[in-house]
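There are 2 protein chains.
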Amino acid sequence: MSKTAKTPKSQLTEEKILDAARKIFVQQGMMGARMQDIADEAGINKALLHYYFKNKEQLFEMIFKQASIRLFPRINQIFNSDDPLFVKIESFCAEYIDVVMENPYLPLFVLNEIHRDTELFIQKIWGESNRPNPLKLLMQIEEEVQKGTIRRVNPMHLLMNMISMTMFPFVARPMLQANLGMDDWTFRMMMEQRKKEIPDFIIRSIKL
Amino acid sequence: MSKTAKTPKSQLTEEKILDAARKIFVQQGMMGARMQDIADEAGINKALLHYYFKNKEQLFEMIFKQASIRLFPRINQIFNSDDPLFVKIESFCAEYIDVVMENPYLPLFVLNEIHRDTELFIQKIWGESNRPNPLKLLMQIEEEVQKGTIRRVNPMHLLMNMISMTMFPFVARPMLQANLGMDDWTFRMMMEQRKKEIPDFIIRSIKL
DNA sequence: GTCTATAATTTGATAGAC
DNA sequence: GTCTATCAAATTATAGAC
Chain X
421 MSKTAKTPKS QLTEEKILDA ARKIFVQQGM MGARMQDIAD EAGINKALLH
471 YYFKNKEQLF EMIFKQASIR LFPRINQIFN SDDPLFVKIE SFCAEYIDVV
521 MENPYLPLFV LNEIHRDTEL FIQKIWGESN RPNPLKLLMQ IEEEVQKGTI
571 RRVNPMHLLM NMISMTMFPF VARPMLQANL GMDDWTFRMM MEQRKKEIPD
621 FIIRSIKL
Chain A
421 MSKTAKTPKS QLTEEKILDA ARKIFVQQGM MGARMQDIAD EAGINKALLH
471 YYFKNKEQLF EMIFKQASIR LFPRINQIFN SDDPLFVKIE SFCAEYIDVV
521 MENPYLPLFV LNEIHRDTEL FIQKIWGESN RPNPLKLLMQ IEEEVQKGTI
571 RRVNPMHLLM NMISMTMFPF VARPMLQANL GMDDWTFRMM MEQRKKEIPD
621 FIIRSIKL
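Protein sequences appear in the order of chains X and A.
So the number in my numbering is just where the residue sits in the first sequence, counting from 1, plus 420.
So the number in my numbering is just where the residue sits in the second sequence, counting from 1, plus 420.
Worth double-checking, as some hints may not be accurate.
One copy or two, either will do: identical chains are not told apart, so a pair holds if it fits within one copy or between any two.
[As the list claims (entries may be wrong)] Taking lysine-lysine and the DSSO-like style, the derived pairs with C-alpha atoms no more than 30 Å apart in a straight line are:
(1) Lys-443 / Lys-485
(2) Lys-615 / Lys-567
(3) Lys-544 / Lys-627
(4) Lys-429 / Lys-627
(5) Lys-474 / Lys-429
(6) Lys-556 / Lys-567
(7) Lys-476 / Lys-443
(8) Lys-466 / Lys-476
(9) Lys-567 / Lys-544
(10) Lys-443 / Lys-556
(11) Lys-556 / Lys-616
(12) Lys-556 / Lys-544
Hints in this document: simulated from the structure, not taken from any laboratory.
Could you put together the complete structure from these sequences and hints?
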């Protein structure tokens with residue numbers, strides 16, 4: 421048996437820990453999270469936690485990398501697909517909202533941590549493979565402008581508008597819910613609508 | 421001399437502390453910030469820090485309230501003005517970008533902390549007076565729809581689109597800069613453009 | 001692999017001299 | 001008002017039994 425092989429039991433515990441850590445880290449951030457809370461959430465004690473993960477930082481990096489891997493490759497897949505522009509915009513919104521709906525606090529978490537330690541993020545988490553790369557999409561927008569399919573528009577601003585309208589509600593969720601008296605169900609329904617609403621809003625603005 | 425009167429010296433030190441605390445808190449969040457770091461940044465020691473502010477929480481609340489007061493009343497002023505819709509959209513984008521450009525990390529900070537402790541935020545920081553209230557703007561949108569000035573659009577989605585496109589670049593700034601190789605000057609210039617770009621983008625999408 | 005108990009470290013907060 | 005020195009509490013990490 422190799423060094424990295426896992427018994428069924430250790431796999432199960434490791435999974436429990438990772439689930440617990442994800443929940444606590446995403447809720448509290450790297451600094452706010454307490455190893456005790458993670459252990460409690462996992463139904464084990466701190467010693468066992470350290471048995472599986474040498475220290476907090478290592479556990480954090482694992483969680484963070486997992487989160488990035490779940491999020492960014494799918495975005496890149498859409499950014500780099502061969503679909504026509506309007507289809508791409510629809511796919512991006514729908515796909516992103518679907519993925520994030522299951523981990524609603526992931527975007528804020530990611531933005532937080534990349535802000536807290538940009539270098540760590542770029543080097544250790546994004547290894548070129550996970551790094552979002554919108555280049556092809558940007559060129560595609562420029563092409564459509566040249567062809568006269570859409571109005572003269574700055575591709576970067578268009579990209580930013582699309583990403584903003586899709587991600588932001590997740591990032592601002594507590595503020596929105598507090599201010600508009602929106603419950604979880606309503607928020608969910610609203611995001612479901614936005615899968616159509618955002619592409620529609622964009623296309624109406626740029627089509628000739 | 422009343423209890424709250426301040427000598428020139430104590431005012432100066434208090435100001436130094438608040439500036440330092442703002443910087444550290446906005447950078448690290450409530451949990452990540454260290455009293456030592458704040459003291460260092462202010463060029464004093466921890467004891468003196470506690471002399472001016474009883475504890476970390478009190479200092480944090482002060483900073484946070486200051487930040488909120490700088491941000492939200494101006495937003496409300498625009499939300500509740502009597503300007504026509506299109507003018508209002510332009511004012512909001514321009515004003516918001518201008519205010520936040522001077523404290524670029526304020527939005528992420530606010531969203532973070534409201535996420536961390538929603539109750540504290542709503543009760544202690546927003547005292548009805550600071551609370552963003554978009555009701556009038558929402559009704560105004562609905563009116564324009566009725567009048568046939570703009571297409572049939574869900575006011576809430578429109579509001580969310582506007583806020584998203586304006587705030588999000590600040591929230592995602594480190595990610596954007598890292599991914600697009602954007603330096604500070606470029607970011608600044610881009611946001612300057614967006615004061616026109618966003619209203620234009622919106623109006624083209626909704627006008628009939 | 002998992003636990004209890006405890007060490008080691010960090011960090012918020014205070015006492016007391018000047 | 002400001003500092004040095006120190007305490008007290010919280011929190012990460014480890015030792016060692018089972």
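Hint check:
1. When the C-alpha separation of Lys-443 and Lys-485 is checked against a cutoff of 30 Å, the pair qualifies both within a copy, at 14 Å, and between copies, at 28 Å.
2. Both within a single protomer and between protomers do Lys-615 and Lys-567 lie at most 30 Å apart by alpha-carbon distance, with minima of 27 Å and 27 Å respectively.
3. In this homomeric assembly, Lys-544 and Lys-627 never come within 30 Å of each other (Cα to Cα): the closest approach is 40 Å inside a single copy and 46 Å across copies.
4. In this assembly of identical chains, the alpha carbons of Lys-429 and Lys-627 never lie at most 30 Å apart, being 57 Å within a copy and 61 Å across copies at closest.
5. In this assembly of identical chains, Lys-474 and Lys-429 lie within 30 Å of each other by CA distance solely inside one copy; the values are 19 Å within and 49 Å between copies.
6. With identical chains, the CA atoms of Lys-556 and Lys-567 are at most 30 Å apart within one copy only, with a shortest distance of 16 Å there and 42 Å across copies.
7. In this assembly of identical chains, the alpha carbons of Lys-476 and Lys-443 lie at most 30 Å apart whether taken from the same copy (14 Å) or from different copies (26 Å).
8. Taking CA atoms no more than 30 Å apart as the test, Lys-466 paired with Lys-476 passes in both settings, with 11 Å inside one copy and 27 Å between copies.
9. In this homomeric assembly, Lys-567 and Lys-544 never come within 30 Å of each other (Cα to Cα): the closest approach is 40 Å inside a single copy and 55 Å across copies.
10. For the identical chains of this complex, Lys-443 and Lys-556 are neighbours neither inside a copy (34 Å) nor across copies (38 Å), given an alpha-carbon limit of 30 Å.
11. Within a single copy, Lys-556 and Lys-616 get their C-alpha atoms as close as 23 Å, and across copies as close as 26 Å, so both meet the 30 Å cut-off.
12. Taking the closest pair of Cα atoms, Lys-556 and Lys-544 come within 30 Å of each other only inside a single copy of the chain (24 Å); across copies the shortest separation is 47 Å, beyond that limit.
Violated hints for the displayed structure, listed by number in ascending order: 3, 4, 9 and 10.
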